[in-house]
Amino acid sequence: MGICFPGTVIERGELTSREFFGVFRVTKGLMLAQVREITGLDTTTIQNWINRGWVKNPVDKRYSENQLASILLIHMLRDVMKLDHIAKLFDYLKKIEFGGNEEVLLISEAELYHYVCDMLDSIDYDIILTPKELEKAILMTLSTYVEPYEGAKRRVVNVLKIILVYYASAIVKHKADSIFTDIMNE
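If you're matching positions, the sequence shown starts at 1372 in the numbering used here and goes up one per residue.
Hints should not be assumed to be uniformly reliable.
To be verified - Below 27 Å or equal to it, Euclidean Cα-Cα: the simulated DSSO-like pairs (lysine-lysine) are:
#1 K1546 to K1532
#2 K1507 to K1466
#3 K1453 to K1466
#4 K1465 to K1432
#5 K1427 to K1466
#6 K1507 to K1459
#7 K1465 to K1453
#8 K1532 to K1544
#9 K1453 to K1427
#10 K1459 to K1532
#11 K1546 to K1453
#12 K1459 to K1427
#13 K1427 to K1465
#14 K1453 to K1503
#15 K1503 to K1465
#16 K1503 to K1544
#17 K1459 to K1503
#18 K1507 to K1544
#19 K1459 to K1524
#20 K1453 to K1544
#21 K1466 to K1524
#22 K1503 to K1524
#23 K1453 to K1524
#24 K1532 to K1427
#25 K1399 to K1453
#26 K1532 to K1503
#27 K1427 to K1524
#28 K1524 to K1507
#29 K1465 to K1524
#30 K1399 to K1427
#31 K1465 to K1507
#32 K1532 to K1465
#33 K1466 to K1532
#34 K1532 to K1507
#35 K1532 to K1453
#36 K1544 to K1459
#37 K1399 to K1465
Don't read these hints as lab results, they were simulated from the structure.
Input sequences plus hints: build the corresponding full structure.
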């Protein structure tokens, strides 16, 4: 099996994450069965994340681009990051305004997922583990990001740092688990 999009069982081939998400331009969203097929997750897990408020409820039983991105981001991190920490990370991307009545999202879930994929395409493991180099690479990737308010970009940079380092550790953990299984089956 080749390299999959993060959080999915779908092989990338030559596609970018934006091309992969192109299905949303010709549909009204994905049904739960399609989300399960893309992610390899079971219905109970997805519904649990919705019930906890980590993923918004589907509209007319269809999942939007942002809902799928939320599911993929949670799925790609959950083996190495506590679920409540993932939720806090998503909350960190929101600014509460007007006495707590309105939230401003600094970046959509889908755009965050695309930035993660862009970063994974353009950097190697050594850069992820070198804080100054990682930040430099993230800032280059975010060069077209427009802040909804001053300081928003810093928050997006921080979130990308966390996601990329945790995801790198998820890959290493998966590899270590595979080696362990192979050795134990000898």
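For each hint, the structure was consulted:
1. K1546 to K1532: holds, 21 Å
2. K1507 to K1466: holds, 25 Å
3. K1453 to K1466: This hinted pair holds, its Cα atoms lying about 22 Å apart.
4. K1465 to K1432: It holds: about 26 Å lies between the C-alpha atoms, which stays within 27 Å.
5. K1427 to K1466: holds, 17 Å
6. K1507 to K1459: holds, 24 Å
7. K1465 to K1453: holds, 19 Å
8. K1532 to K1544: holds, 18 Å
9. K1453 to K1427: holds, 19 Å
10. K1459 to K1532: holds, 15 Å
11. K1546 to K1453: holds, 20 Å
12. K1459 to K1427: Answer holds: K1459 to K1427 is near 15 Å, not above 27 Å.
13. K1427 to K1465: Between K1427 and K1465 the Cα gap is close to 15 Å, so the pair holds against 27 Å.
14. K1453 to K1503: Holds: K1453 and K1503 sit about 25 Å apart, inside 27 Å.
15. K1503 to K1465: holds, 25 Å
16. K1503 to K1544: Within the cut-off at roughly 24 Å; holds.
17. K1459 to K1503: Within the cut-off at roughly 24 Å; holds.
18. K1507 to K1544: Roughly 26 Å between the alpha carbons, so the hint for K1507 and K1544 holds.
19. K1459 to K1524: holds, 17 Å
20. K1453 to K1544: holds, 15 Å
21. K1466 to K1524: Distance ~12 Å between K1466 and K1524 Cα, so the pair holds.
22. K1503 to K1524: Within the cut-off at roughly 16 Å; holds.
23. K1453 to K1524: holds, 24 Å
24. K1532 to K1427: With a Cα-Cα distance of about 24 Å, the restraint between K1532 and K1427 holds, given a limit of 27 Å.
25. K1399 to K1453: violated, 32 Å
26. K1532 to K1503: This hinted pair holds, its Cα atoms lying about 10 Å apart.
27. K1427 to K1524: Roughly 24 Å between the alpha carbons, so the hint for K1427 and K1524 holds.
28. K1524 to K1507: Holds: K1524 and K1507 sit about 13 Å apart, inside 27 Å.
29. K1465 to K1524: holds, 12 Å
30. K1399 to K1427: Holds, at roughly 16 Å.
31. K1465 to K1507: Answer holds: K1465 to K1507 is near 23 Å, not above 27 Å.
32. K1532 to K1465: holds, 17 Å
33. K1466 to K1532: Judged against 27 Å, a Cα distance of about 19 Å means the pair holds.
34. K1532 to K1507: Given pair K1532, K1507 holds - Cα atoms ~11 Å apart, limit 27 Å.
35. K1532 to K1453: Cα-Cα ~16 Å, so holds.
36. K1544 to K1459: holds, 23 Å
37. K1399 to K1465: Holds, because 26 Å separates the two Cα atoms, which is no more than 27 Å.
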